[in-house]
Structures are given as structure tokens and as C-alpha cells.
Amino acid sequence: MRNVLVSGGSRGLGLGIAKALAYSGFRVVAVARKLGDHLPPVRAEIEREATGALHFRPYDLSNIGGLAELVKGLSREFGPFYGLVNNAALGTSGILTNMKDAALEELIHLNVTSPIALTKYVTRSMMTGQGGRIVNVSSVVARTGYSGLSVYSATKAAFTGFTRSLARELGPLGITVNAVEPGFVDTEMTHDLTEKQRAQIVRRSALKRMPEIVDIADTVDYLFSDKARMITGTTVTVDAGTTA
Amino acid sequence: MTVRATVLGVIGEVAEQHDKHLAPLSDNLALLDSGLDSLCIAVLVAMLDDRLGVDPFANDNGALPVTVGDFITLYENAAA
Numbered sequence: 000m001r002n003v004l005v006s007g008g009s010r011g012l013g014l015g016i017a018k019a020l021a022y023s024g025f026r027v028v029a030v031a032r033k034l035g036d037h038l039p040p041v042r043a044e045i046e047r048e049a050t051g052a053l054h055f056r057p058y059d060l061s062n063i064g065g066l067a068e069l070v071k072g073l074s075r076e077f078g079p080f081y082g083l084v085n086n087a088a089l090g091t092s093g094i095l096t097n098m099k100d101a102a103l104e105e106l107i108h109l110n111v112t113s114p115i116a117l118t119k120y121v122t123r124s125m126m127t128g129q130g131g132r133i134v135n136v137s138s139v140v141a142r143t144g145y146s147g148l149s150v151y152s153a154t155k156a157a158f159t160g161f162t163r164s165l166a167r168e169l170g171p172l173g174i175t176v177n178a179v180e181p182g183f184v185d186t187e188m189t190h191d192l193t194e195k196q197r198a199q200i201v202r203r204s205a206l207k208r209m210p211e212i213v214d215i216a217d218t219v220d221y222l223f224s225d226k227a228r229m230i231t232g233t234t235v236t237v238d239a240g241t242t243a
Numbered sequence: 000m001t002v003r004a005t006v007l008g009v010i011g012e013v014a015e016q017h018d019k020h021l022a023p024l025s026d027n028l029a030l031l032d033s034g035l036d037s038l039c040i041a042v043l044v045a046m047l048d049d050r051l052g053v054d055p056f057a058n059d060n061g062a063l064p065v066t067v068g069d070f071i072t073l074y075e076n077a078a079a
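From first to last, the protein sequence lines stand for chains Y and E.
Residue numbering for the first sequence follows numbering that gives the first Met the number 0, starting at 0 and increasing by one per position.
Residue numbering for the second sequence follows numbering that gives the first Met the number 0, starting at 0 and increasing by one per position.
Where hints are given, some of them may not hold.
[What the hints assert, rightly or not] No farther apart than 20 Å at their CA atoms in a straight line, the calculated lysine to aspartate or glutamate pairs in the DMTMM-like style are these:
1. Y:71 to Y:59
2. Y:226 to Y:214
3. Y:119 to Y:185
4. Y:207 to Y:225
5. Y:33 to Y:100
6. Y:119 to E:54
7. Y:119 to E:36
8. Y:119 to E:49
9. Y:119 to Y:59
10. Y:226 to Y:194
11. Y:71 to E:36
12. Y:207 to Y:194
13. Y:33 to Y:68
14. Y:119 to Y:76
15. Y:195 to Y:185
16. E:19 to Y:211
17. Y:195 to Y:214
18. Y:71 to E:54
[Stated by the list, open to error] Going by beta-carbon spacing under 10 Å, a handful of chain Y positions derived as facing chain E:
19. 41
20. 130
21. 171
Keep in mind that the hints were calculated from the coordinates and are not lab data.
No residue lacks a Cβ here, since even glycine has one placed at the ideal position from N, Cα and C.
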């Protein structure tokens, strides 16, 4: 069974991605700070119905110094990795001039530095196998504007540049690297949106609705499939046509 | 198997996997003249981490090895 690490895979979009991949036969290791209440029932469902598996290992991804050991330990336990989904992120919002410096640094640390370092170590595990898949969860705000998300947008734009160059680097090893760019999806991260903002997003979308977690998860699942073997270095937008 | 033999063996494996023509290996040969490109060297380091359980480049300290001999010595010291 092919191993995939999903960061932030204990709830929300990360858990949705983990579930979709487990249904496609992957052994998913969800890594997040806390197990929480959402993962256990999904794991039980996967044990009953899916061909893959879902495991959870607690880890604070802001601790970059421990990532090498984390990945080594997981590789010893489960075998080398075939895939990585960089999903964990902070969604801190705020008008830039009012944001505390510590909040800026925390956002960039967890949303950029940490996933890049995690990718370094998981990719090493992939290098000794036959190909692999990396999917970085970006956001439409990486290229469209949204007031109050300037720092978050900067971190997501960093992901798209990282995706393109890493795809070039790892292509010769048969490892594909892509980004998925969701629009506003109904998750805990977007619960701060007011009804008015929500209605505005729906009105602006071509399909007159917000994408759901399953829509993003299925896109990641597709990028992990053999059907997507010729897709690398690109960004797939899943936003119900909001940016069309 | 000695660390030297493992390193030389894995260099050969990587060259074969990536269709690289390997120069006759000697301690004085510059690593970049061995026929392996930088991606091959990255794969080599990942494979040696698997086989020997050590990564001498992990702590970001020290100079990068210039020759094949330096590279082997680095692994011999790390594995000791």
C-alpha cells in the first residue's frame, strides 16, 4: 500500500483529503497537533469500507527542528512515502497595519517554512522509491485580492512558486508536484465570514455556490491517481468559477 | 560491508538508475566530475541515509565534500 502524509489531516479540508485518498487505496498518515473529535469516526468508516487506511500521529508542525526525526520515524513504521499533501495552515486574518509582528511571523513560519521543510524530508523518503506525488494546498487569494488576508495570501502565493520550481527539480525522478487552489470553502477556517460576505462569494461564483470539502479532496485524489501522471508544476483552481 | 564499499556501491546504483556514465572512481576525483549531477547526489544522500542510517549533511554545519574521498570520509566519520 502506498503511503501518503497529509499535514493538518485531523479535521476540515485535511481530513476530507485524507478520507478521499484512503478510499482510493492509500495508507494515509494524518499529522496534526491534536487528534480531535472529527478523525476517529472517519477512521472507523475507512476500516469498515475503504481499501486504504488512515492513521494519525500527533506533531506540532511549527517545530521544524523535529521534522527530520518525525519523517524518519514514520518511514521506519510504515515504509517509504509515495506522497505528501501540504495542507496544514493558519488562516489568521486582519488588516495588515493592525497585525502584531508575532502573528505575521507565525503565519509565515507555519504556512511557508514548515511545509517547505516537511517537503524536504518527505521527498527524501520518496527519492528511494519509484516516483511520487506532492500536492500543496494553496488558495485563490494567492492571485486575487481579499481585504484582511494579505499575509495569508502572501503565504499561499509562495506555495505556487514553490510548486513550479520543485516540479522541475523532481520531475526526473517521476515525482509530480502540483498545487490545488480552493476558493472559499465552508470549513472552520472560513467561519469568520459574515452572512453578507458568504452571499457575496456565492453571487460572484459562476456556479452560484461555494465548493465543498469533497470537491477539493476529489481534485487532490485525481492528482494522486495514475490518470494525472502527466500533470506537474501546475495549479488547479476549484472555486466554482469565482475567479473565472 | 564497510562504509566505503557501501558508499561506492550506492554511487554505482544511482548512476545506473539515472543512466549516468560514471568516471573511474578514485579518492582524488572531484565529486562533480564523477558523472553524477546534483540531483543524483541528492538521491545518493537519501539512499545512504536509508542504508547507513546517517545523514552527515543534516546539521547544516561543515564544508561540503569536494572529492569522492572526502565524501566517503564524511560517511565513515558519521557512521563511527
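Checked hints:
For the hint linking residue 71 (chain Y) to residue 59 (chain Y), the alpha-carbon distance of about 16 Å falls within 20 Å, and the restraint holds. For the given pair, residue 226 (chain Y) sits about 17 Å from residue 214 (chain Y) by alpha-carbon distance, which is consistent with the 20 Å threshold. Among the hinted pairs, residue 119 (chain Y) with residue 185 (chain Y) is inconsistent with the structure: their alpha-carbon atoms are about 31 Å apart, more than 20 Å. This hinted pair does not check out: residue 207 (chain Y) and residue 225 (chain Y) have alpha carbons roughly 32 Å apart, beyond 20 Å.
Of the pairs offered as hints, the one joining residue 33 (chain Y) and residue 100 (chain Y) is violated, with about 26 Å between alpha carbons and a cut-off of 20 Å exceeded. Taking the CA atoms of residue 119 (chain Y) and residue 54 (chain E), the gap is about 13 Å. The hint holds against a cut of 20 Å. For a cut-off of 20 Å, the pair hint linking residue 119 (chain Y) to residue 36 (chain E) stands: about 18 Å separates their Cα positions. Taking the CA atoms of residue 119 (chain Y) and residue 49 (chain E), the gap is about 15 Å. The hint holds against a cut of 20 Å.
Straight-line distance between C-alpha atoms of residue 119 (chain Y) and residue 59 (chain Y) comes to about 17 Å, which keeps the hinted pair within the 20 Å bound. Restraint check for residue 226 (chain Y) and residue 194 (chain Y): not satisfied, since their Cα atoms lie roughly 39 Å apart, outside the 20 Å limit. Under the criterion of a C-alpha separation no larger than 20 Å, the hint pairing residue 71 (chain Y) with residue 36 (chain E) is inconsistent with the structure, at around 25 Å. About 15 Å separates the Cα atoms of residue 207 (chain Y) and residue 194 (chain Y), which keeps this hinted pair within 20 Å; it holds.
Pair hint residue 33 (chain Y) plus residue 68 (chain Y) holds up; C-alpha atoms about 19 Å apart against a cutoff of 20 Å. With a C-alpha separation of about 19 Å, the suggested pair residue 119 (chain Y) and residue 76 (chain Y) falls inside the 20 Å cut-off, and the hint holds. Distance restraint check for residue 195 (chain Y) and residue 185 (chain Y): the Cα-Cα separation of roughly 14 Å lies within the 20 Å cut-off, and the hinted pair is therefore satisfied. Between the alpha carbons of residue 19 (chain E) and residue 211 (chain Y) the distance comes to roughly 47 Å, so the proposed pair goes past 20 Å and is violated.
Under the criterion of a C-alpha separation no larger than 20 Å, the hint pairing residue 195 (chain Y) with residue 214 (chain Y) is inconsistent with the structure, at around 23 Å. Among the hinted pairs, residue 71 (chain Y) with residue 54 (chain E) is consistent with the structure: their alpha-carbon atoms are about 11 Å apart, no more than 20 Å. This hint is violated: residue 41 (chain Y) has a C-beta 32 Å from the nearest C-beta of chain E, more than the 10 Å allowed. With its C-beta approaching chain E no nearer than about 12 Å, residue 130 (chain Y) sits outside the 10 Å limit, and its interface hint is violated.
Checking residue 171 (chain Y) against chain E by beta carbon gives a least distance of about 6 Å; that is within 10 Å, so the hint holds.
Against the hints set out earlier in the document, violations occur for numbers 3, 4, 5, 10, 11, 16, 17, 19 and 20.
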